[in-house]
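Undergrad: Two independent chains are provided; combine them into the complex using the hints.
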Amino acid sequence: MIGTIHNRDKFLNQIASRLNRPRISAPIERPEWKFQPQYDVYKDATQDELLEILTEHCKKIHTKILTTDLQGLAAVVHDVVADYGGGPVVTWKDERFAQWGLDSLIKQQWPSENIDVFEWDYTLGDENIHKAEKANVGITISEITLAESGTVVLFSDKDKGRTVSFLPATSIMLIPKSTLVPRMTQAAVKMREIYQKTGHVASCINFITGPSNSADIELNLVVGVHGPIKATYIVINDL
Amino acid sequence: MSMKIGTEQFKERVDSGIHDDFMRGAVAGAQDGMSLKRKAVTTDEMSNWEDWRNHGEEIRQHVLEYLDYYLEQLSENVAKRGGHVFFAQTKEEANEYIRSVVQKKNAKKIVKSKSMVTEEISLNAMLQEEGCEVVETDLGEYILQLDDHDPPSHIVVPALHKNKEQIREVFEKKLAYTKTSKPEELAYQARVTLREKFLEADLGITGCNFAVAETGSFSLVTNEGNADLVTALPKTQITVMGMERIVPTFEEMEILVSLLTRNAVGQKLTSYITVLTGPREELDVDGPEEFHLVIVDNGRSTILGGEFQSVLQCIRCGACINVCPVYRHIGGHSYGSIYPGPIGAVLTPLLGGYDEYKELPYASTLCGACTEVCPVKIPLHNLLHKHREVIVEKEGKAPVSEKLLMKAFGLGAASPTLYKIGSKIAPAALNPFTSGDKISKGPGPLKAWTDIRDFPAPNKERFRDWFKHREKGDKRP
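Protein chains in written order, with our numbering: chain A, 1 to 239; chain B, 1 to 477.
Wrong hints could be hidden among the right ones.
Reference excerpt, derived from the structure (chain A facing chain B, CB under 10 angstroms, subset only) [claimed, not checked]:
{"#": "1", "residue": "P27"}
{"#": "2", "residue": "W120"}
{"#": "3", "residue": "T123"}
{"#": "4", "residue": "L146"}
{"#": "5", "residue": "S156"}
{"#": "6", "residue": "K158"}
{"#": "7", "residue": "G210"}
{"#": "8", "residue": "H226"}
Rather than coming from a laboratory, the hints here were simulated on the basis of the structure.
Glycine included, every Cβ here is placed at the ideal spot set by N, Cα and C.
Here chain B stands alone, though its shape is the one from the complex (with noise of 0.2 angstroms):
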C-alpha cells in the first residue's frame, strides 16, 4: 500500500462512504465515544490542560527549527551503540536499502508493527516482492491484510469500518475459524496465529512514535504489546522513521508520549511505552543481534521552512479525525490516503501533491474544532484554508463549484471567531442554494453531503452550534 489507497475518484469514494450504514455508525459512535475518553483525561482532569498543549507545541516547534542538529546527534547515538543508520530522502532510496538489509540476511519471514510511514513508502509490496511474507502484528492492521489489504481508515484504529461479523468471515475464509464473532474469541485466535509469527520471524519491522537524540533511543507506543514482541524476538529489527519524529531527550519524550496516548486512546498511558536503544547488549538473550534505523524525508523537507512546516509537529494522535464532522460523514476512506481527516487533508497533498488530492483540503467546514484539541496546537484549519489559497491562486486548479464554497467558507474563516463572522457572510455565496433554513443542493464536497441530509443554512444557526445540538441529541445520525 502507498500513500494513496483506492482507485476511485474523491467524489465516487464521498459517495460510496456516505452509504456505507454500518461504517457511518461506527464512525459516529467512534467519534463520540474516543472524543468522550479524550476529555475526561485532558480538559476534563487537567485545569491547566493549556499548558501542557504548549508545551507540546514549544516543544515540537524547537525540534524542527533545529532538526539537523538533533537528527546529527541521533544517529552518532545510534551509531555508537552498534546500530546502522540510513538517511533516506525519497521512499525509493529507504526500500533500496532495506531491500539490501533483507538479502543480506537472507530474511523470509517478517512481522511488523504499526507503521505509517512503513505504508507511506509502500515497504510491503517491495518486501513481498522479494518473496518474503510479510504478517502486520496490531490486531486491526493484521485483520485488514487478511481481508486481501482492505486500506486502513482510521490512523489508530485502522479497522474502524468493518464490524465483528465481516472479521469473523474474513477469519473463516484466511484461518479456517469455527468460532463465533465474540471479540474476545477473534483477538485469541489473532494471539495463536501470530505467537507463531513472532517466533519464527527473522526480521522485526517496527516504526517509531519519537526518537531520543541524547540518547540514541526510539519508543514505540502500543496497547496490543505486538511492538515489544517483534523487537524482543527475530535476530534483525528495521525500525523507519519520519524525519521529524524527534525530541532532544527523554524528559521531552515523556510530555509528548502522554500527550499522545491521552488524545490518541483517552488512556493516560497507554499498556506498552517500549524505549528502545541500539541492538542487544553482548550478553543479552533477547532483543535484535543487529539493528538498523531508516530515517525517512520523502517530501518531508520541502514541508519545512514554508507556511505549512507547522504541520510537521503531528505526532499522529488522530484526535483531529475524531472531532472533525467531514470525516463522520464521509469515512477515512473518502480521503483516498492512509492519513484522513483534518491532518490527511493537510499533509496529503503535501506529500502526494495537488494534481492527486486537490480536493482534500476542502473536505472540512473549516470549523476550527480540530485545531482546538490538536495537542501540540497545529493550526490544521488555518492550513487547510491555506491550501484552498494556494489551489486557487498559485496553482488555478479549483473547479467553479470549488471556487464558489471556498467564496462561502473560506472568506473569514481562518479562525474560530473569523468563521463566525464569516458564516454571517456566507448566504449571499450560498443564496443558490438555500431552500428555507437548510441548503439542500450545496456545491463542491457539500453536494454529496446534502444528498443524503440538508445542510445548515449559516444564517439562522451557525454549524458548530448545529453540530452541538446534534451531537447531543441524535449520537448516531
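Chain A on its own, in the form it takes in the complex (with noise of 0.2 angstroms):
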C-alpha cells in the first residue's frame, strides 16, 4: 500500500522561495565529501585485534563478554540463563540456531529442565509479544557488531521480532566473530549496499549497545530502565 503526502507543495516551494531559487525535484548528485575522517579508525585491524577492541569496550558498557567456538556454544548459553536465573527463554525463529548446534539446549534440555522456551512465530500474532514480555531471557543474533562501540545490529523481520532483545527481564546477544567491523561506518556502508541491491530495508533495524541505562536523576547512573536490566554478548568463532 502507498501512504499519502499532504501539503508538499507549499511546503517546499517556500524553502526553495527561502533559499532564493527554483525548487530542486530532480535527483542531485552525493557530494564528495572534503572529509573522511571515520574510514580511519581501526583501519586495517584483524578481527582478532578487533575482538579485543570489543572486549575491552564492553567493560564500559555494563556488558559481560564471552568467547567459545561451535563445539562449546551450547554449554556457555546453558550456563548464561542459569545465571541469570533460567526461563522462561524467548528466541527469534532463525535456522542459524540449529546450524550452530543449539537445537537439543532449545529443544530437549532446556524442557527437562523445566525451562519454558519459545520461538517467534508470527502466526501465533500477539502471543509473541504477551510471551516476550514474560520471559527472562531474550536471545538474539548480531548482523553486524561495532568493535569501537561494543554495539550488536539487528534487523528485524516476522521471525525476528523487535521485542525480543527490550521485553525479557535480560538479554543474550550471539556474535559470530565474522560480524565484526571496525564501527558504525561499516554497518552503514552495507545497510546501503542492502538497499542499493534489493531496495528493501528491514523495518527495524537495532543498534543496542549494553542494557538499558539512564542517568537522568543527578546524572547517576542506573543501569535496566525499560529494556533489560542485563546484557551478555556470546561471540562465536565462527571463522
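TA: Spelled out as C-alpha cells, the structure:
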C-alpha cells in the first residue's frame, strides 16, 4: 500500500523561495565529501584485534562478553541462562540456532529442566509479545558488530520480532566473530548496499550497546530502565 | 508546554535561578562531568577530531542548501513503504493533522518518547484537550510530567534541576511510592509503571533525530530504550520531525549519530539507536500497523537563506549548554524556553520573536566556548552577536543598560581572537561599574550575576582565563 502525502508543494516551495532559487526536484549527485575521518578508525585491524577492542569496550557498557567455538556454544548459552535465573526464554525463529548446534539445548535440555522456551512464531500474532513480556531471557543474533562502541546490530523481520531484545528482563546476543567491523561506518555502508541491491530495508534496525540505562536522576547511572537490565554477548568463533 | 516556559520576566527568572543552590550545584557538577566525558571521546581520543567536525558541518550545510530536494525524496520513500506524510507549515497545522489521526483511531492512551519539536508545538496540550492520557516515557521527562509539568532545564537531561529527594517526594505523591530516594529504586518504579503504559497504549509518538532521505527511514537515539517500546507496541505511530533533521543516506546518518552521542553524553554510541522504515511489514508481529510522519516548519523556513541559517545545522547535542558559563550560573529555566543555553539564546528569538525573547542574546559573555565545541561548527557566539546588532540597529529594542553592555562586550567579540582584543577595549565602557579588579555592579544581565558574585574586570584577567582558573579550583561555586 502506498501512503499519502499532504501539503507538500506549498511547504517545499516556501523553502525554495527562502533559498532564493527555483525548487529542486530532479535527483542531485551525492557530494564528494571533503572530510572522511571515519574510515581511519581501526583501519586494517584484524578480526582478532577487533575482538580485543570489543572485549575491552564491554567493560564500559556493563556487558559481559564470552567467547566460544561452535562446540562449546550450547554449554555457554546454557550457563548464562542459568546464571540469569533460568527461563522463560524467548528466541527468534532462526535456522542459525540449529546450524550452530543449539537444537538439543532448546528442544530437549531446557524442557527437561523445566525451562520454558518460546520460539517467535508470527502466525500466533500478539501471543509473541505476551511471551516476550513474560520472558526472563531473550536471545538474538547480531548481523553486524561494531568493535569501537561494543554494539550489536539486529535486523527485524517476521521471524525476528523487535521485542525479543527489549521486553525480557535480560538479553543474550550471539555474535559470529565474522560480523565484527571497526565501527558504525561499515554498518551504514552495508545497510546502503543491501538497500541498493534489494530495494528493501528492514522495518526496524537496532543498534544495541549493552543493557538499557539512564542518568536522568542526579546524573547517577542506573542500568536497566525500560529494556533489559543485564546483557551478555557471546562471540562465536565462526572463522 | 510550548516553547515558552514560565510566565516570569527574564530578570525574575534569572533571579530565582541564581538563588537556587541545589540547581546551581547540580548544573555546575553536570557541566563539569559532561564536559569531561565529551572531551574523553572527542578531542582526547581522536587526533583528527577537527575533521569529524568539518565533516559534520559539510553534511549539515549541504542538506540545508538542498532541503526541498531531500524532503521530497524522504516523503516519496516514506509513502512507498506505506507511511503517510504530512507537511505542517505551522504548529496549528501539525496539531490539527495529529488530532485527526487521534480521532480516526479513537486513540485514548498515548506513550511518547522525548521530542523537543513536540514541546515546541504544544502537542501534549492538544492531546489532553482531546481527552487522551499522554505519558512521557523518557525517565527525566516522566519525572517532570508527574510533577505537574515542571519545565525541562536541559535538552539532554531535562530533570537536571531536581534532586533525588524531590523526585522521591513526587513519586510518593503521585505513584504511592514507598521506597527510598536511591536512583535505582526510583528508576525501577518508573520501569514497572511505564511498562504497563507501553503495553496498553494505542498510539506512540516520537520525535526524530535524523531522517534518511534515500530510504525513507528515520533514527531515534536513546539510552533507556523507551523509544523502542513506543515504536514496537502501539498499533499506530506518529513521528514528528523538525524539517531540517534530515540526511541524504545511512552513511551521513552514521556520522551525525556519532557526533550526537559523543557530544551529548560522552558515549561512542548510546545504548539504543533505532532505525525505522515505514510501518511494520506484512507478516511482522510488532511495530505499528500505521505510520504517520509529520514534518514541521514552524518558523524554520524564515531562518533559511538569511544570516542565521547555520543555526539550522544544530543536531541538539547540548554540548554548547554544557560549556556555557552563563547557563552554569542561571540554569535552564532562566531562558524561558525549552531551548536553553547558547543554542537556545540563538534559536528561541528566531522561532519565538524578539518581542518575547530579546534578552536572550544578552545571556552570554560572547566568550566563544560554545562555538569551539559545536560538533557541526555553528558559529554560535557570532550569531548571538548578530542578534544584538539586529535588536539594536533594526528593531531598536535594546534597553539602555543592554546597549551599554553591547558596547562593552559586543564591540570586538565576534570571535575568540577579537574577544581578546575586545576585552582590552572593554574597560572604558565598564569603568563606571568597576571597583578594583572586579565588576560588582554589572549592567543588564550582568547585574543578576554581580548581585551574588563579582565579575572579573576585563583588563586584569580575561574572562575565559578566569573561568579556566575557577574551573580548576572550586568545582562547585
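Undergrad: Going back to the hint list, which numbers does this structure go against?
TA: Result: no hint breaks.
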